[in-house]
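Undergrad: The residues making up each chain are set out below.
There are 2 protein chains.
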Amino acid sequence: MKVKGCHFETIWINPDNPAIVQIIDQRSLPFNFRIEDICSSEEMYVAIRDMHLRGAPLIGAAGALGMYLALLEFKGNKVPLEYVASKATYLKSSRPTAVNLSWAVEREEREIKETGSGGERSKQEVVEVARRVALEIIDEERTNCLKIGQHGVKLIEELSRRKHNETINILTHCNAGWLACIDYGTATAPIYLAHEKGIRVHVWVDETRPRNQGARLTAWELQQHGVPCTVIADNTGGYLMQQGHVDLVIVGSDRASAHGDIVNKVGTYLKALAAQDNNIPFYAALPSSTIDWLLSEGAMDTPVELRDGDELRIMEGMNNGRITDVEIIPAGIPVLNYGFDITPARLVTGIITERGITPANKKGIFTLFPEKT
Amino acid sequence: MKVKGCHFETIWINPDNPAIVQIIDQRSLPFNFRIEDICSSEEMYVAIRDMHLRGAPLIGAAGALGMYLALLEFKGNKVPLEYVASKATYLKSSRPTAVNLSWAVEREEREIKETGSGGERSKQEVVEVARRVALEIIDEERTNCLKIGQHGVKLIEELSRRKHNETINILTHCNAGWLACIDYGTATAPIYLAHEKGIRVHVWVDETRPRNQGARLTAWELQQHGVPCTVIADNTGGYLMQQGHVDLVIVGSDRASAHGDIVNKVGTYLKALAAQDNNIPFYAALPSSTIDWLLSEGAMDTPVELRDGDELRIMEGMNNGRITDVEIIPAGIPVLNYGFDITPARLVTGIITERGITPANKKGIFTLFPEKT
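Going down the list, the sequences are from chains A and B. Under the working numbering, the first residue of the first sequence carries the number -12, and numbering increases by one thereafter. Under the working numbering, the first residue of the second sequence carries the number -12, and numbering increases by one thereafter.
No wet-lab data here; the hints were simulated from the structure. It cannot be assumed that every hint is accurate.
[Unchecked claim] Covered stretches of chain B, going by a simulated chain A footprint (3 or more residues, C-beta under 8 Å):
#, stretch
1, -1 to 8
2, 216 to 223
[To be verified] Reference excerpt, derived from the structure (chain A facing chain B, CB under 10 Å, subset only):
#, residue
3, I219
4, Y226
5, A261
6, G319
7, E358
[To be verified] Sample of chain B residues with no beta-carbon within 12 Å of chain A, all distances over it, derived:
#, residue
8, G(-8)
9, E93
10, Y256
11, L299
Glycine is no exception: its CB is placed at the ideal position from the N, C-alpha and C atoms.
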C-alpha cells in the first residue's frame, strides 16, 4: 500500500544489495517513518523479538528471510546441516509463541535439507533456496490478503448499492492491516480494494488500548493510502452503532476455531455484541492458516495471554518533538492486561477467507476447505 | 472516605477560617493529593470551569459555596439583589450544562431573596443564609449517597451469601465515586458499605478512555480507602465476564429516563451488553435528581455531547517526577470524541436510588417516586 505516495510492502530484499533485508520499523509509527536495514540473522532476531515488526504473516516472512541472512553470512563454501538447524532454533526463539514463525523457519530448514544428501550443502545453492522459499512465503501471504480483499469487497459493494453510493462506514479493531502482513492486510484488504474501486468508504478506527495499535498503526496506514478514517476511543463504537453510523464491522483474528469462534484482540467481543444488538453485520477476515482445525469444541476455552501491566501503565507519545514515555497509572495500583478475547460464532455474521466468505459454522468452513475434514 | 488514613470529603468550609472554602484539587490525582484554598467567588468559578472538581453533586455544592463566598466578599452592609443575581449568573456560566449547578445556585438566590423584601438584604443575614443552604445541599447529597449505599449493599450481601463469603468482583466504569459527590459516591457507595461490613469485595476499574477517570480517580479513591481494586483497559471487561470473573456491574448515571434508560459515560452500553450476554446483574446507582421525569419516550434520543478531540490525542502522566503531556495521536489524523452513550432499560437489571432499588421501568420507578406521576 502507499506511504507518502509510493508503494511499500512491510519487508523486502534491498534490490541494490541483496545482502540486506529492509523493513519498516513499526516502533516509531505513526511519529516517524523509518526504513531499517537488517544485515544479519542476529539483527533479524532482535527485530522480531523487540517488535520492530509484528503481525503473524509478517513475522513468518521475517523468519524466512532471517534464515536467508544466516546462510549468506556463513563463512565457507559448504554449510553443515547442524549450522542450519542451530540458526533455525535461534530464530524461532525470537518469539516462541508465534506459530507462523516456526512454520516458516521449518519450511526453510526442510527445503534446504532436501537440496542434497549427507551432512553439508553447497552455500551458493542453499542461499538461493532460502531466498526462493522466503519470496514464495511473501508471495503466498500477499496473495492470500489480496484474495481476502477480492471476496470481502463484494460485501462493501453490496452495502454501497443499498445505500445508493453513500459512504459506507466500517468499524475495525486493532491492526489487521498491511503493516501486520506483506500488503493489503486482512481486515483492511476489502477496504483498500473498495477504495481503489472508487466506492466511498470511511473507517472508524478503535484506538485499541492498551497498545493503541488502531490509533498508531491502522489510522496511519489508512491515511497514508488516502482512505478516510477517524480514531475513536474503544468505548465509542457502541454509541456510533446505536446512532446508525456503522454499516459493517470487519476485524482480523489471531486464531479461529473450525466452528467459527474468533480469538482476536481484547475488546473485539464487545463490538460483536454491539453489532448484533444493532443488526450490523460483523465479519472476521483471516487466511485459513489462522484456523485451528483441532479446536473441535470451539475456541471458548483458548488460554488467553496475560501480558505485562506496563502496557497499560506506560503511554508513549510525542513531547516537544521527542518520543516520550509517561506513567499514567501509578505503580501502587494493580492492573490486569489480557491480550485477547473470544467472540463466539453466534455473534459472527461470516468469515472472509482467501477461498471465499462462509457463515461462521463448521458446515460452511469445511465446505470451503473440504481437504481439512 | 479515607485518604492516607484520614476521613475526607470533597469540599468543606475551613474550620479555622470560614472565609476559605477548601477542595481536593482533582486535576493532579492520582499523582499528587493537593488541598486547594478557594478564597473568592472568582476562584470558585475557575475551579468549576477548569475542573479542579467535577461530578454533578459536587459541582452543585461548589456553586452554592461560591454564592456564600460572593456574599462574604461583598463590601458594605447591605447587599443589593442585583449583586446576588449577577453573581448567580456568573457562577452558573462556569459550566453552563451542569444541571446541578444551576439548581444549587438558584436555590441560594431564592432563599436569599426570601429573607426580606425590597431590593437589599443585610449582609450578615444573607451570608448566614448562603452558608446554611450550602451546608444543607452538602448534607442532602451526602445522605442520598449513604442511602444509595444502604440499599445497594443488600445486593452485595446477597451475592456474598450465595458465594459462601468468597470475594465478590464488581465492575465499574468511569468515576461515580465519592470524588464526584461529597462522600460515599453513587456507584461506589454500596461497595464502600460492603467493605465496611467486612464483606470481601474486589473492584474491576475500567480505565475509561479518553479521560481515564477510572484509572485516575476511581482506582485512587478505592485504594486510599483500602478497597481492593484492579485497573483494566475498557476492552477487557467482556473477557472477564466470559471467564466468570465478574459478579456484578454497578455504574453511575448522568441522566436517566423515567423508563429506566441510562445515559452514562461512553462505553457503559458495551458493558451492559456483555453483562446481559453472561447473565451478570447490571445496576445503575443514582440519586433521583438524575432522573429526567420529562423523558416520556425514554432517553434513546438524548443529544450526546461531542467533546474536544484533544482528550483523545493528549495523554497526561508522570515523566521524571513531573506531570507531562504527550501527544499520542498525530494532529493530522481525525478523531471523534462522544462523552456518553445510552444504555436501554432492557439491559439494566435495576436502579439503586436513595429510596430503594427498582426494576428499570416506569412502573417500578414511579412506585418509588409516586409524587412524580
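Undergrad: With 12 Å as the threshold, tell me whether B/G(-8) passes as away from chain A on beta-carbon distances.
TA: holds, 15 Å
Undergrad: Quick one, is the A/I219 hint okay against chain B at 10 Å, beta carbons?
TA: holds, 5 Å
Undergrad: Given A/A261 as an interface hint, is its Cβ closer than 10 Å to any Cβ of chain B?
TA: A/A261 check passes; min Cβ-Cβ to chain B is 6 Å, inside 10 Å.
Undergrad: Are there three or more residues in the stretch 216 to 223 of chain B whose C-beta lies within less than 8 Å of some C-beta in chain A?
TA: holds (count 8)
Undergrad: Does the interface hint hold: is A/E358 within less than 10 Å of chain B, judged Cβ to Cβ?
TA: Nearest chain B Cβ about 32 Å off; hint violated.
Undergrad: Counting residues of the stretch -1 to 8 of chain B that have a beta-carbon nearer than 8 Å to any beta-carbon of chain A, does the count reach 3?
TA: violated (count 0)
Undergrad: If we take the beta carbon of B/E93, is the closest beta carbon in chain A still more than 12 Å away?
TA: Holds, because the least Cβ-Cβ distance between B/E93 and chain A comes to about 32 Å, which exceeds 12 Å.
Undergrad: With chain B as the partner, please determine if A/G319 meets the hint condition of a C-beta pair closer than 10 Å.
TA: Hint holds; A/G319 Cβ to chain B Cβ min 7 Å, cut 10 Å.
Undergrad: Take the shortest C-beta to C-beta distance between A/Y226 and chain B; is it under 10 Å?
TA: holds, 4 Å
Undergrad: Regarding the assertion that B/Y256 does not contact chain A, is the least Cβ-Cβ distance greater than 12 Å?
TA: violated, 4 Å
Undergrad: Against chain A, does B/L299 hold up as non-interface, every C-beta pair farther apart than 12 Å?
TA: Label violated. Min Cβ-Cβ 6 Å, cutoff 12 Å.
When each numbered hint is compared with the structure, violations occur for hints 1, 7, 10, 11.
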